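S.K.: One-letter residues, chain by chain:
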Amino acid sequence: MNNEKRHMGMRTLNAVSNTTIHILLVIISIIWIIPFFCIVMQSFRVESTHMVSYVIPHTWGLDNYKNLFAEGSFYPKWYLNTFIIAIFVAVLQTLIVLCMSYTLSRFRFKIRTKLMRFMLILGMFPGMLTLIILYNVLKDLGLTEANSVPGLILVYVASSGMGYYVSKGFFDTIPKSLDEAARVDGATRAQVLYKIIMPLAKPIVIYTILTAFMAPWGDYVFAQYVAHLVPDGYNVAVGLNSWLSLDQIANNYTKFCAGGVLVALPVGILFMCLQKYYVEGVTGGAVKG
Amino acid sequence: MTPAILLKIKGKMGGQTARKFRQGLSSPQKGVESMKKYSDLEFLRLSKWQKFVYKFLSFFVAIPKAILNFFVGIGKGIAKFFAGIGRELADVVTTFVKGDWKTKVSYVIMGFGSIARGQVLRGLMFLLFEVVFIVYMITTGGYWLSMLPSLGHQGRETIVETVTKFGRTTEIETFQYHDNSFKILLYGVLTIFFIVAFIYTWRVNIKQNKTAEKILKSGKKLKSGKDDLRSLVDDNFHRTLLALPLTGILVFTVMPLFFMILVAFTNYDYQHDGLINLFSWNGLNGFKQMLTWSSGGVNYSAAFGEILTWTLIWAFFATFTNYFLGMFVAMMINKKGIRLKKLWRTILILTIAIPQFISLLYVSKMFSDNGLINLALLDMGWITKPIGFWSDPANGAILSKIMVIIINIWIGIPYLMLVATGILMNIPADLYESAKIDGASGWKQFSKITLPYMLFITGPYLLTQFTGNMNNFNVIYLLTGGAPTNAKLSGASAVGHTDLLITWLFKMINGTEPKYYLASVVGILVFIVVAVISLVVYGILPSVKNEEDFQ
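Chains E and C supply the protein sequences, listed in that same order.
Be aware that the first sequence starts at 324, since it is given in the working numbering, and climbs by one per residue.
Be aware that the second sequence starts at 1092, since it is given in the working numbering, and climbs by one per residue.
Just chain C, with the same shape it has in the complex (with noise of 0.2 Å):
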């Protein structure tokens, strides 16, 4: 990394970024109402001691208030949403009294209105759409939305014929398949999302005509398939570039996600796998599974909150420890004095050159009970059994835990190296030559312009990084494998110390007894969890930044 990047890295972002933070030294926090509120004056009044008391309080004090805004927001969101449909529906009643002819033989006949009124090609698209969904719904659709409620009547039928041959008898078994519960399902989901489509175009047909009336009311001419056409490169731009990937993002993730939210209120799972043993709809009952403490038979709520603790600690060090000792590590190379910078970064960086795979691969072998390591230092005469790195389930599995977390440390430093190296060059140099005037010593420095500047403007990114670790598979998938194995929960789809809850969630999709409800409904308490942490301290931060603020 040369200099020149770096400095310009800082032109781009420095002005904004650092007035904002001065303002935000200058005024206490906001969102502070259930407590005293102190005014700057005040607020520069207090001790040092009181300072920091009042800003831990308020902190706190304002998790209350954000977990209301939070469901408040929900609310109104959904209130919302139904007064949107209310205007809606009134908007199609109104154009339709109001309409011309052709008008109203567009709500029957889509895009007749437009082809009538000479914009053939839009005209044209609007009944080509509605073809299309009439014959689907008819050849296909309807079948498959009416076996939807109940996911199939019949699975896989055997059948024993008796064949007598040459004397002998024998019974020869055949299967004979019947319905299909993920196909029903699978299908079912793609009929809803096309029936919305088709109620959305059926909508923007309607308003098309209502438009189309009232610029020819006013004289003025309507455009044409060419100005449509050309439109597309330039006003309307942006939707040709944004059509392939929101196609794909809508595909691939947005009805997956929708389809595995619904198998999680069946039962999906080994032993009702939708072809031999069709799956039916199930209510909340992998909900109560998971959340409701079992006594008898495989205890989840107990895994789950094991499982849940641990992936919070777990987020925290690994967040936390990579954030300061990357902090740190930046700071040394930074350093005025210090040579051989480029050195020094080149040789972290191999980490992330290095697909994490290898290192991570290499790494666990290096402390397996019969790795490297153990089996240097039983060599040297220094141990007499080898340590169990990632087979000692004592005190929970301390041990592993801790590893763990250290050799995340060893795969992250570089990444937030780099980070806090940009954002360091970024700190106003004034700041600190006032301070040296000022007789300030270097951890003062430190303490009161670098780390506050540092946490000011990463504050999103250690949510981010937060959320990620919670969901970091990789390194616990590869390192350990969920390693050492937890007896207290066995049966839990071998449930081990060190799982988070996305290794949890593939090892029971992966297994040879797969849950796949379980899994969805660990899936949609994962994204609970992070969508609340988020929306809560994202509410709370200070240095949520208007997004213009960069523009």
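Only chain E is shown next, with the shape it has when bound in the complex (with noise of 0.2 Å):
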């Protein structure tokens, strides 16, 4: 009698803090949503251009969508820029990252833990300070100002070889024995590669690709050093944010947002696609650092 009425009282006790936390869930959900909510109903405003204190718009209309790709506007080009960067880092990084992390984590030679020692000593500078000398050689090659988009790709690709640590950690789980076996019977090490491995990396083959594709889009530091102040080298976070200036806000504002509808649209639902690949990278690739 006595354990049957703990046993309700438990009962009830979880019940009620089940529907706390769904509430919570709820308040967290909205605040989660809020700021994408208004982004996208001032997209759709047309009465006027600036900020304004209510959300929803008087009158609804796709006047800045049009404006996004009116004659003059730039917008076409940044985003055009921004997805060429993309698919260029996202297949010339993959490559950089599986071969570093695949080495890494199969290959023992004499060098490798000095290496990757070196590799997380440089991590630990901040690689913004290398922005002066790359901007001035770049400049020098040409490859700055309109001309930005090649620069950055190879500015991205080139010293994407450090990020190699989630990648690593996904083939430090892959079974030694499957190599050795297929050593065994004469496979050479790149045949293993090709035969053995690759088949079953392909989610840390996508996790690399989603990842090295997204980063491009939010790149600002480098893109905005690299294009200096000419509107045609622009990706879309130096553009978009160019519109935000003082002296720009007034009548770009609402604009801004359409733009930045635009990008995250495909780019979000790209992400959600894919994210139980990205999900699998960022858990495990956490744990084993």
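Don't take each hint at face value.
[What the hints assert, rightly or not] Dumping the calculated DSSO-like pairs for lysine-lysine here, alpha-carbon to alpha-carbon at most 30 Å:
no. : chain 1 : residue 1 : chain 2 : residue 2
1   : C       : 1432      : C       : 1139
2   : C       : 1167      : E       : 437
3   : E       : 433       : C       : 1305
4   : E       : 433       : C       : 1426
5   : E       : 433       : C       : 1301
6   : C       : 1139      : E       : 599
7   : C       : 1308      : E       : 599
[Claimed, not checked] Chain C regions said to be covered by chain E (calculated; three or more residues, Cβ under 8 Å):
no. : region
8   : 1237-1243
9   : 1332-1339
10  : 1453-1462
11  : 1564-1576
Think of the hints as simulated: they come from the structure by calculation, not from any bench.
None of these values were measured; they are calculated from a predicted model.
Even glycine gets a Cβ: it sits at the ideal position worked out from N, Cα and C.
Please dock the two separately framed chains into a single complex, following the hints provided.
M.R.: The following block contains the structure:
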């Protein structure tokens, strides 16, 4: 009897706490969604272009979106720049990161640990420091300002080998006995990679492509420095930010919202489709470091 | 996210970590020597409070030792380095004395020995490298190297010509450019790297001669060029794979960083741009300017101190608020009986899916003086003048600082939620079951099992988060741009109250009056702070794992 009562008490307690948690989760979700809701609403506002005190537009319309692609607007160019950069970086960076992480995970060569420690130390320097010299070198090569796209691709891809941690963690989990079995059967190291490891590594390949593709959409520092105030060479982050400067915001605020929505839609949808790979990478990589 | 994935992750790293964790629980912290050390049994006999005090103290007692270890390690490293060079030199000499004539010729003509012994491909590569090196040094390298100590003698020259045409006299100014300090430094650094590479190759060349002699003496055959090529996809496959990534890192990270470290010892700024006015070596003056108190002019050390303090405070709060709240949210979502788990997760993941700059810029404008929040509050009559979220410098701009940390929570919780979910699923269920049988309450289970487990496993992750937050450029720069301006520190490259060292650095190289050498000094100081924190904490962490454990 007593025991049953205690049981009942536990159950009601549990129900109460679950209800509280549900309410909390709803509140959290609302907080998380509000900014995105606002930005979408304001992108449809027609009656004014500056910041206002309300969220729901008085007059709805697609004027802001049309203005993005009107004559003389740089937005399509920025979008194209970023897209080209993202595609190239996604392919090249994935290749480099996979080479690096696979090697560091599978091979035991002499300088391996020293190399890893060296890269760890290198990573402690603020990468921004290299901006000055990279800008000057790119400028000599003619890859800045309006031509910033190839320059940026070069900069993003070149040092990407240092971001090997997550995928190395993944390769570490593939049993080494697989390699050894194949080696005994006479496969070369290269054949082991193509025929045995690659098919197993699909999740980490997708994770690497996804993160590499998304990074250029959000990079501000390098893109801004390399483009050097020439709008033809901006990416979306630098371009949209330029619309929020003090002298432009009154005319361009709603346009910024529309531009932001157009960037967020494809990237966000792509991410949502592939999120299970992302989750796997993040949860696995964080623990193994 | 499907549970199947999480189960997979659980499977991947379950056993080992759990065992290590249990070991960690049962033994007191290592590395404590200067205070009374308890054995396992004695430790268990302590009261709860004593245990806490013991653990707390042992953490801090370990710090000086870790710092000491850090410097001892550096000293040992340097000693080892020189000992290594000594060994190499001795080997070079003995190889020369003992080697045959082919080896001896190879000291001057690289690759000669290899070619003479039939390894034509290898030998030609060595020879080619030597020829390229010598040609480069004679044509340009020597010049850059000779200019390196002075960084150039003459900057831009203005030539004024007086021209008389049609009875009018006009002065025409033409400019003649001479030396370029920037290029001298850049190509000087390149040349130094090239020389180091040459010495290394020369050393490899000698070593190869030595091994070749040995192999031939023992009656075996040397590898042919074909074998060498084949080994590139087999035994030496790692070299093939690493060639491209490491070249990229060398050219685009190592050399630029080396260059920038050198810049810290010059006076490269907007007044000495290296072309119109040359810059020159300036010794430790940049560091002096940054680190010593000056009453006249711009007080950089005051700015540095204030920004460093805020950087550390920011990194601490940004890391731990996200960590605990993220874990809390993950536990709420994963609790039994909570519905629509997938929906909650998806909503949170939205902030990761949408490029950060959009959300950051939008939220920044939302809270600006004439942004949505202020305008709405004014409309409703709740306030009479806008709240200066980003513009109120009162009390050291405490409002802006709190806002930045809160918005960072909004940005950061989803990541932590994902990480924490993975780890929480990984806690062995039997720990909870036995706790339940013993009648432990929910809070007890959390504080005795969940939290220690999380802290144990995520120790290194927390450390990288901390140093990552110290250099979190995007959040600060896109949210506040460093605002509100710090009137006290005006002149030091427009420092704001919420500026981190990294955004300050960016302002120094990006403004209208860039001070590159000071930016380099700040960069080096950031490195020192990050390195010291990392090494000290890493030495203390109980969960520093042996890499092979996971394989």
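S.K.: If a hint holds in the structure, say so; if it doesn't, say that too.
M.R.: Quick rundown of the hints versus the structure:
1. Using a Cα cut-off of 30 Å, the hinted pair residue 1432 of chain C and residue 1139 of chain C is violated, with the two alpha carbons roughly 37 Å apart.
2. Among the hinted pairs, residue 1167 of chain C with residue 437 of chain E is consistent with the structure: their alpha-carbon atoms are about 15 Å apart, no more than 30 Å.
3. With a C-alpha separation of about 21 Å, the suggested pair residue 433 of chain E and residue 1305 of chain C falls inside the 30 Å cut-off, and the hint holds.
4. Proposed proximity of residue 433 of chain E and residue 1426 of chain C is contradicted: the alpha carbons are some 48 Å apart, above 30 Å.
5. Among the hinted pairs, residue 433 of chain E with residue 1301 of chain C is consistent with the structure: their alpha-carbon atoms are about 19 Å apart, no more than 30 Å.
6. Only pairs whose Cα atoms come within 30 Å are accepted, and residue 1139 of chain C paired with residue 599 of chain E is rejected, the gap being roughly 42 Å.
7. Under the criterion of a C-alpha separation no larger than 30 Å, the hint pairing residue 1308 of chain C with residue 599 of chain E is inconsistent with the structure, at around 59 Å.
8. Proximity of the region 1237-1243 of chain C to chain E, defined as three or more residues with a beta carbon under 8 Å from a beta carbon of that chain, is not established by the 0 residues found.
9. Look at the region 1332-1339 of chain C against chain E: 6 of its residues bring a Cβ nearer than 8 Å to a Cβ of that chain, three or more, so the hint holds.
10. For the region 1453-1462 of chain C, the stated coverage by chain E holds: 7 residues have a C-beta nearer than 8 Å to a C-beta of that chain, and at least 3 were required.
11. Check result for the region 1564-1576 of chain C against chain E: holds, 4 residues qualifying (beta carbon to beta carbon below 8 Å, three or more required).
The structure does not agree with the numbered hints 1, 4, 6, 7, 8 stated previously, though it agrees with the rest.
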